[in-house]
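Produce the entire structure from the sequences given, and follow the hints as far as they go.
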Amino acid sequence: MASPSAFTLSAEKIDRIRNIIDASTSDPETQLPSCVGVLVDRNGDVVYSHASGFKDLSTKEPMTLETLHWYASCTKLVTTTACMQLVERGVLDLDDEDLAERVCPELQNLKVLDGFDESGKPILVEKQNKITMRMLLTHTAGFSYVSFSEPIRKALPERYNEIEGPIESMCIPLLFQPGTGWNYGINTDFVGFIVERLSGLRLEDYFQRNIFQPLGITDNTMFPQGEQLERIGTLHLRNPVDGKVIPIPHLYGRHLESTDSQCHGGTSTFGLPAQYMKLLAALLNNGKSPKTGQQILNPHTVDLMFTAQTPQFTKGGVKGQKGGLPFVINDSEQLCMPGRQSKTQGWSFAGMVEDDHENREPNRVAMNDETTLPCGENTVWWAGVPNLYWWIDRETGVAGIVGTHMMPWLDPKALNTWKEVLEVVYSS
Numbered sequence: 006m007a008s009p010s011a012f013t014l015s016a017e018k019i020d021r022i023r024n025i026i027d028a029s030t031s032d033p034e035t036q037l038p039s040c041v042g043v044l045v046d047r048n049g050d051v052v053y054s055h056a057s058g059f060k061d062l063s064t065k066e067p068m069t070l071e072t073l074h075w076y077a078s079c080t081k082l083v084t085t086t087a088c089m090q091l092v093e094r095g096v097l098d099l100d101d102e103d104l105a106e107r108v109c110p111e112l113q114n115l116k117v118l119d120g121f122d123e124s125g126k127p128i129l130v131e132k133q134n135k136i137t138m139r140m141l142l143t144h145t146a147g148f149s150y151v152s153f154s155e156p157i158r159k160a161l162p163e164r165y166n167e168i169e170g171p172i173e174s175m176c177i178p179l180l181f182q183p184g185t186g187w188n189y190g191i192n193t194d195f196v197g198f199i200v201e202r203l204s205g206l207r208l209e210d211y212f213q214r215n216i217f218q219p220l221g222i223t224d225n226t227m228f229p230q231g232e233q234l235e236r237i238g239t240l241h242l243r244n245p246v247d248g249k250v251i252p253i254p255h256l257y258g259r260h261l262e263s264t265d266s267q268c269h270g271g272t273s274t275f276g277l278p279a280q281y282m283k284l285l286a287a288l289l290n291n292g293k294s295p296k297t298g299q300q301i302l303n304p305h306t307v308d309l310m311f312t313a314q315t316p317q318f319t320k321g322g323v324k325g326q327k328g329g330l331p332f333v334i335n336d337s338e339q340l341c342m343p344g345r346q347s348k349t350q351g352w353s354f355a356g357m358v359e360d361d362h363e364n365r366e367p368n369r370v371a372m373n374d375e376t377t378l379p380c381g382e383n384t385v386w387w388a389g390v391p392n393l394y395w396w397i398d399r400e401t402g403v404a405g406i407v408g409t410h411m412m413p414w415l416d417p418k419a420l421n422t423w424k425e426v427l428e429v430v431y432s433s
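Quick note: the working numbering has the sequence shown finishing at residue 433, numbered continuously throughout.
None of these hints come from the bench; they were simulated from the model. There's no promise every hint is true.
Each computed EDC-like pair below joins lysine to aspartate or glutamate, with the alpha-carbon atoms no more than 20 angstroms apart [as the list claims (entries may be wrong)]:
no.	residue 1	residue 2
1	Lys159	Glu123
2	Lys116	Asp103
3	Lys132	Glu163
4	Lys249	Glu34
5	Lys135	Glu123
6	Lys65	Asp50
7	Lys116	Glu155
8	Lys126	Glu169
9	Lys418	Asp61
10	Lys418	Glu338
11	Lys132	Asp103
12	Lys296	Glu235
13	Lys249	Asp122
14	Lys65	Glu34
15	Lys65	Glu235
16	Lys132	Asp100
17	Lys135	Glu163
18	Lys132	Asp101
19	Lys327	Asp119
20	Lys65	Asp27
21	Lys65	Asp119
22	Lys418	Glu34
Label-pair ranges, simulated between beta-carbon atoms [said to hold, decoys possible]:
no.	residue 1	residue 2	range
23	Pro331	Asn421	44 to 54 angstroms
24	Gln339	Lys126	25 to 35 angstroms
25	Ser31	Gly258	29 to 39 angstroms
Backbone N, C-alpha and C define an ideal beta-carbon position, used for all residues, glycine too.
Below is the structure:
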């Protein structure tokens, strides 16, 4: 029997969510090729789960709850959890000015992009500040993604790919001096490299031993093998010219071909959304799995992970992404949960969070002046580039994931599906 604090949905609401997900894939070549939705409560019980559409549009093989997704940046929450475990064990200090660059000397000689000369050559200047673990966890070290930043793309060779290669490929120019701004980027990959070197384990092995196995998570891995390869959903792309959805080769092909590839803490993991929910349920439950009883983080650490960390840089709200590659990310005006546009957004260790810091700017970025989604004020959310969106609402006691397996990120139809699901979840 569910505890009094358990979050529940009526049969009518469950039917409405199922209809929303099914409707989102009713014309998969113009809407979404697939859609998966899973909700859990703080007891770890699945409140709702459903899959719709196709695993592969070309073969019409159906999408199921057993189809593996490329988590992409949903991996970041796992890496952050690993890092905070090492903080609890006294292995690292988030504010030690020497630790990150000592353990990961590749960070020492990075340059900062300071514009371009008349010939178009990048002007690179010396880094003035040391990079700390706190900067990496909060995306204040100066990194971007090549595919997200037009200036960084212009400063690097054409078709430069930093997300699949060795650590050296990630040593790209910074957009600003470390600790002086906020920008979403490859920071968490370096967190993963440092976790590996301090723990003596490959990140894949660290995840399995310290997070996945204690939480009873299966089918989550950086290196799918055997029958798992057959269950991976095909990646799709919405053509920016005509809006049609087509299958494309997987962006993370190296990880599907070899287990010797570099583990990337920002993007590398594959898995089942329903299994990912076991991590979210543990965080809902103050770091303890409600099913296995294993404590992977203490409650104080979880509180810290859900606290806004960047008010000095995001007090005006988190502006949307502009200038990205059109097959990777859509331009946007603002990053926020649907229905929370009037709230000031900031960044926590776990993901994006609303920041009601007293020094926020009154003229913050907002698409309207209304807050229509009554979720808990401390709700954290983030996403993976194939349009996977997760959220954790500790106040209400519910967490969920809604998404597809299609690029570019911030697809309007995917966002609208998430919005419609959220509206049902939080409707009175």
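Numbers of unmet hints, in rising order: 3, 5, 6, 8, 12, 13, 17, 21 and 23
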